[in-house]
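Number of protein chains: 2
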Amino acid sequence: MSPEWSSSPPELLLAVDRTSGRPLRTQLEHGVREAIRTGRLRVGERLPSSRELARTLGLSRGLVQECYAQLQAEGYLVTRPGSATRVAAGAAAPAAPARPGGASSRLLADFRWGVPDLGSFPVQDWLWAVREAARTMPVAAFDYGEARGNAALREVLAGYLRRVRAAAADPEHIVVCNGYAQGLGLALRVLADAGVRTVAFEDPGSSATIGGAASAAGLRAVPVPVDEHGIDVRALAATDARAVVVTPAHQWPTGVALAPERRLALVEWARQRDAILIEDDYDAEFRYDREPVGALQGLAPDRVIAMGTVSKSLAPALRIGWMLCPPELAGPLARQKHRSDRGTATLDQLALARLIESGRFDRHLRRMRATYAARRTALLTALAEHAPAMPVTGLAAGFHAVAHLPRGADEHHIVTAARELSVGLYGMSTLRAARTAATPPQLVLGFGNVGERAIGEGIAVVAGLLGGRAG
Amino acid sequence: MSPEWSSSPPELLLAVDRTSGRPLRTQLEHGVREAIRTGRLRVGERLPSSRELARTLGLSRGLVQECYAQLQAEGYLVTRPGSATRVAAGAAAPAAPARPGGASSRLLADFRWGVPDLGSFPVQDWLWAVREAARTMPVAAFDYGEARGNAALREVLAGYLRRVRAAAADPEHIVVCNGYAQGLGLALRVLADAGVRTVAFEDPGSSATIGGAASAAGLRAVPVPVDEHGIDVRALAATDARAVVVTPAHQWPTGVALAPERRLALVEWARQRDAILIEDDYDAEFRYDREPVGALQGLAPDRVIAMGTVSKSLAPALRIGWMLCPPELAGPLARQKHRSDRGTATLDQLALARLIESGRFDRHLRRMRATYAARRTALLTALAEHAPAMPVTGLAAGFHAVAHLPRGADEHHIVTAARELSVGLYGMSTLRAARTAATPPQLVLGFGNVGERAIGEGIAVVAGLLGGRAG
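Line by line, the protein sequences give chains A and B. Start counting the first sequence at 313; every next residue gets the next number (this note's numbering). Start counting the second sequence at 313; every next residue gets the next number (this note's numbering).
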């Protein structure tokens with residue numbers, strides 16, 4: 313490094329470094345810009361003439377003139393005929409604000425729900441699929457793709473949904489999106505455009521997500537209670553909703569499967585009300601006691617938008633989901649997707665298609681089913697030992713359970729106290745839209761991203777809080 | 313294959329195939345569902361008893377009972393105590409509509425604008441970057457990421473934007489998105505929330521994209537004319553806009569660079585009006601006559617949202633872009649991004665970071681600059697030969713040019729006639745918001761995705777239409 317400092321005017325400290333390999337003109341431009349930005353050169357201030365600066369820095373005058381011309385073109389400098397070059401009015405930046413320091417705490421066991429086992433993401437399989445996709449991708453596929461999603465992926469998804477979810481799936485009626493949240497947002501906008509004014513959602517449920525998406529679409533969101541048979545269709549019918557978001561296979565978060573008569577009642581309601589059922593099929597791949605209940609979509613493909621995602625089956629970081637929709641909604645949904653972001657990344661779509669086609673996706677799911685089944689057992693074993701009196705429900709599928717705390721227990725207190733013991737617990741009340749004094753205290757225990765050993769240790773540590781005995 | 317057909321009742325043709333490897337129960341369920349969906353089993357129709365069907369198909373009765381129970385849970389069948397199992401009311405699907413047959417025509421030369429050379433996408437570099445990213449990605453990164461984008465990519469982008477675009481770039485003020493269209497949509501929503509009611513845009517320009525995004529955000533969009541110095545800031549000031557979308561480095565589509573005094577006037581307008589400048593920095597990487605003009609953002613980082621994308625520098629299929637914004641908008645933009653889709657795919661973000669960091673991105677850009685410069689020369693050469701009287705402008709940067717047709721020429725006719733000669737030409741009028749009889753007929757000639765040879769051949773073929781002589 314051999315910086316050569318200019319000395320005139322003294323406040324303009326410009327340096328060029330001939331050993332850096334960066335073009336001298338670029339260095340000089342950068343130096344002047346920074347001097348203006350940081351306030352070392354102030355608005356209206358006169359710059360040295362190009363001749364003067366060239367001499368001071370040992371550069372050619374032409375180079376300095378080019379630099380000034382560039383910065384004039386960018387609006388940092390002004391030159392008037394017969395006058396000196398000056399810093400342009402308005403060419404100054406506010407100081408950057410201080411950044412808050414982030415502190416992340418490590419937990420002994422984190423029963424956070426909604427996350428699959430992140431360490432099990434099949435990295436090698438995914439890289440293989442990306443490579444295969446890139447290798448076989450036609451050049452035209454690097455262009456903007458179809459807004460509704462790549463045809464190859466839609467074909468593969470339709471087959472998968474028919475086979476695994478008993479869906480009535482036609483690739484023409486699938487719109488690929490970046491996961492459930494985007495899909496829900498697009499669907500609610502399309503329904504708002506079609507005249508829907510109110511969307512209902514299950515309570516407890518994803519009230520924050522649905523409420524946010526509804527408000528962005530200009531819709532009112534109303535909660536409908538869930539009982540041990542699933543959503544209360546009679547209560548739903550008493551609202552003015554013409555759309556409802558449901559989780560029939562494994563209600564989120566109570567874990568109940570929608571009872572057969574309720575399924576039929578829901579479809580009947582949709583037909584009579586001219587309404588749309590948005591089926592959030594979030595964790596149907598993981599069912600332990602029997603085959604997963606088929607998608608509601610298969611029962612009423614003309615009334616259901618079935619949403620799927622790889623956020624639970626692979627990883628949230630991939631941001632890939634899909635909507636299987638009634639034929640007449642495929643066009644409007646694709647147009648909303650196009651307006652929103654011009655389509656999901658093509659290489660990722662093709663990689664997912666290869667992953668499913670090749671059987672690697674199924675293999676991964678089988679492996680994960682075993683993993684989650686073992687964690688489920690570990691959780692039940694730990695709870696049976698440390699909190700034997702506490703009922704646990706909702707465990708037929710997925711990777712979360714509902715723990716029913718003793719009447720009168722304080723959810724918030726237990727969650728806070730557990731955090732102090734380095735255990736992440738999460739209360740049901742954050743998932744409730746309607747909270748009353750009679751609302752039973754419950755915990756939603758996620759076991760997707762916590763190992764068997766941590767499950768056992770974590771439950772032992774918080775046993776006292778759960779009304780049981782410490783291990 | 314050894315199908316065994318049931319014969320009772322005759323209309324229920326169910327088969328199980330013991331050699332297929334698929335579980336018999338799954339096959340049976342599938343068969344009944346399909347029979348219901350396709351109408352072979354009608355609503356209310358009685359199914360054979362489980363004993364009867366088991367005997368017919370040579371299956372165990374328990375298996376058939378399980379199958380019926382599953383389909384009952386899914387809502388396809390109903391069973392009432394003491395009565396036969398029947399097809400449930402409402403369990404039937406509408407027929408799939410016929411699909412339109414798509415015909416894609418191959419062109420001799422396609423001067424479509426807005427697309428880079430798709431065949432030059434650096435597949436091997438990208439795969440390397442994805443692999444490197446996956447190899448070094450911490451397990452936690454497979455979770456939902458930061459809504460505003462991965463910290464590593466924001467750091468790399470800030471460095472890149474400082475270095476290449478002379479931007480005042482802080483990683484804390486960058487929000488990663490899925491390309492320009494999504495970024496624009498998010499930005500307009502944030503501005504609408506902040507009380508902005510009208511957004512202005514350049515005419516000619518991306519009126520359809522901006523109009524669509526504005527309407528989705530509940531904003532009014534007003535066109536402002538562009539002359540040979542760029543957007544007319546006086547005309548802008550006469551509107552009630554408090555936001556404007558501009559392309560200062562290389563106006564889209566006229567190709568003029570915003571004149572220095574206009575840059576300053578624009579910033580001054582934004583300060584006085586308390587307005588935001590949305591800078592669409594779409595093709596600044598490719599400038600032929602000198603260094604690219606620095607981003608407007610560097611001049612007024614408190615007033616500019618600078619949008620960037622890899623759609624021109626790498627490929628549209630990647631769907632990655634970014635917004636560098638005033639400090640106080642970073643939070644609201646990140647929240648909009650979160651609501652919209654929970655963030656851009658993390659592995660893709662990390663791959664882009666590796667690609668830039670490693671120097672491979674710069675190397676690709678250098679290669680492409682040479683490619684586009686050669687195509688630009690080929691276009692100018694062909695036009696000089698075949699339509700020497702036709703002025704061509706806007707060629708200082710990017711990969712499109714504006715061809716000025718003879719006064720009185722009919723854009724639409726020329727475009728249509730060229731298509732019949734297998735040459736894709738595109739008229740300027742589709743990019744104009746205000747069209748009058750005095751609007752000069754022009755073509756926007758994209759040369760990003762068309763080879764040198766095709767450029768020469770294509771122009772020769774349409775020479776007669778351009779007022780020149782055929783080759």
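Be aware that a few hints might be false.
According to the in silico footprint, chain B covers these stretches of chain A (three or more CB under 8 Å from chain B) [unchecked claim]:
#1 427-433
#2 570-576
#3 599-605
#4 657-671
Across the chosen pairs, the derived CB separations fall in these ranges [unchecked claim]:
#5 A/GLY471 x B/VAL451: 41 to 51 Å
#6 A/ALA520 x B/PRO703: 55 to 65 Å
#7 A/GLY431 x B/SER670: 24 to 34 Å
#8 A/GLY779 x B/VAL451: 29 to 39 Å
Calculated from the structure, these hints are not laboratory results. These numbers come from a predicted model, not from an experiment. Quick reminder that beta carbons are idealized off the backbone N, C-alpha and C, glycines included.
Hints, verified against the model:
With 4 residues having a Cβ less than 8 Å from any Cβ of chain B, the segment 427-433 of chain A passes the three-residue criterion, so the hint holds. For the segment 570-576 of chain A, the proposed coverage by chain B is satisfied: 3 residues have a C-beta within less than 8 Å of a C-beta in that chain, meeting the threshold of three. Residues of the segment 599-605 of chain A with a Cβ under 8 Å from some Cβ of chain B number 3, which satisfies the need for three, so the listed coverage holds. Under the rule that three or more residues need a Cβ within less than 8 Å of chain B, the assignment of the segment 657-671 of chain A holds, with 4 such residues.
About 31 Å separates the C-beta atoms of A/GLY471 and B/VAL451, a value inconsistent with the hinted range of 41 to 51 Å. Taken as a hint, the range 55 to 65 Å holds for the pair A/ALA520 and B/PRO703, whose Cβ atoms sit roughly 58 Å apart. Roughly 27 Å separates the CB atoms of A/GLY431 and B/SER670, a value that falls within the hinted 24 to 34 Å. Between A/GLY779 and B/VAL451 the CB atoms are about 33 Å apart, so this pair conforms to the stated range of 29 to 39 Å.
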